[in-house]
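Number of protein chains: 2
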Amino acid sequence: MKPPTHLLDRIQELLRRAQRILLITHIAPDGDAIGSTLGLRSLLLRQGKNVTCACEDAIPPYFRYLPGSETFVQTGDGSYDLVISLDCSDRQRMGNIYNPALHTLPLLNIDHHVTNTHFGQVNWVDPDSVATCQIVLTLAESLNWPLSRQTATCLLTGLVTDTRAFRTANVTLETMQAAVRLMEAGAPLTEITRQTLDRRSLDTIYLWGQAFERIQCEGGILWTEVTQDMRRRRSVREEASVGLSSFLAGVREAQVVVVFTERDDGTVDVSMRAAPGLDVAQVALRLGGGGHPQAAGCTLDGNLKEAKTRVLSELRRSLDL
Amino acid sequence: MKPPTHLLDRIQELLRRAQRILLITHIAPDGDAIGSTLGLRSLLLRQGKNVTCACEDAIPPYFRYLPGSETFVQTGDGSYDLVISLDCSDRQRMGNIYNPALHTLPLLNIDHHVTNTHFGQVNWVDPDSVATCQIVLTLAESLNWPLSRQTATCLLTGLVTDTRAFRTANVTLETMQAAVRLMEAGAPLTEITRQTLDRRSLDTIYLWGQAFERIQCEGGILWTEVTQDMRRRRSVREEASVGLSSFLAGVREAQVVVVFTERDDGTVDVSMRAAPGLDVAQVALRLGGGGHPQAAGCTLDGNLKEAKTRVLSELRRSLDL
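Those protein sequences? They're chains V and A, same order as listed. In this text, residue positions in the first sequence follow my numbering: the first is 383, and each later residue adds one. In this text, residue positions in the second sequence follow my numbering: the first is 383, and each later residue adds one.
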């Protein structure tokens, strides 16, 4: 959606005054986090700005095709005059990058999560955009900035990954038209889908097979688990669970899907999916997490069994399942 | 692609003369088969034609959202003056519907399979179209026929199912623009993806878990099997294998994926997927099947073990893997 004129004016003013800009995206970065950050970087470089991209976690190797992905730093140290957070629903999602020295700088918060806490001095939060990349595209088009092939490749990446190739319930005609404009600017859709979607190691597939066996389904709630032990046996990392909940969301018997993953640090990652009409973002929020009505998550302390009991009872209470 | 003028002229002439048209699509119909047939039906009804849709096999229940899906007949009997085959790569794909009484009628063959045998009196075969639905859209637009919401819904279904939501290697800017035009005409993308993609029963997911465990991978070829016994234990039908080979095509270690499914009649269904640059359609063709370079298949007599030996050695020889 095009932003109100006064918001666009404030953003333009912030950008006009800034010369050294720090872009921060969220920990455990996904395609939309990395794509929106690199897309905005590429746009700002064209405007003659000095731009640094930062993320507390390393960029996964399969995003190396994105121009500029090698420039990410894992620190907030340095001399800046503006901070822009991308795809972060709250301040904590920026991790350690947003260090105290940065707190005195103006902060522009660009995000599409409905659970965003509006933590910036200026906040462009648009839950109608399927991805933060779509907001960055709207920004570029609102300011009549030209779209290079590089920028378009970054921005289409977020559209593709956040919608799993245009199949989430929030995809509209506007989304598809945005994708077409990005492809007209040269973004290679096939390469993007091939690099980012369904690319898994054989060991991950074996792990998924085990997770499928452990599926339980009761009263419309389907859940399963990925334990440290399962991962160790297959030598796969925590990230092997990514995509599992989205995949299981297609199971006919399920209204809500939950995947519990034991992380290396002993916490439990909880990934939830809901059929249209239900809202797991509110449940995630109450458990200290966030997200979208149809896709949300949180991280819980305590063991797997406790996490399951807590999440399942919260879901049953909240969603009346 | 827009057809050459002389081809369009011949098709227009065939359609102008015809009043009672039989549309036939292939056995084991998929989204593109059903969508292209019902889309053309809806277009021809608007032109005042009498139209019957036929398919030897029943229409799967999850395609019931398609307007006209309840009108399919499973016989070729009746009085017609034109036959149009849709999405059939050869005459046999029409099954028993194409009975001897129909052989004297003009036959228009509309298809996008590169292995099409050009078996019609008039053949519009365009392998550059991602789906037969895209050819029907081109036909409608070339003849300036209006696109109703019904027609658009049918045609977008084939685009979505044959590309698994725009993620196959043959999707281009033209494909996405076609999708946008169909959505502008009212086709509900979200409903279509929700009804047709990733909708599986819990028992199917359990079966997939077992098939994952049985995966073998050697020299870039990944294969697995779905036996009658596995299906029986989970009470799932042959169709439970649909999508398995496409899903496994994302495995990083695999250049080629083969899924062998024991059918109820004792034959073995062979579904193959290949990375861009390889061509499994030629292999399928030699084994009596057909398809596209990146996605092809065949049905073999004999037991599972024999089928595996034959297909794997054929693949190794042909693809130099």
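Take the hints with a grain of salt, since some may be wrong.
FRET-style restraints, in silico, Cβ to Cβ [claimed, not checked]:
1. A:Arg-615 / V:Arg-668: 34 to 44 Å
2. A:Thr-649 / V:Glu-696: 45 to 55 Å
3. A:Leu-525 / V:Ser-617: 54 to 64 Å
Simulated from the structure, these hints should not be mistaken for lab results. Note that CB positions come from ideal geometry on N, CA and C, so glycine has one too.
Which hint numbers does the structure go against, in order from smallest to largest?
-> The structure conflicts with no hint, since it agrees with every one listed earlier.
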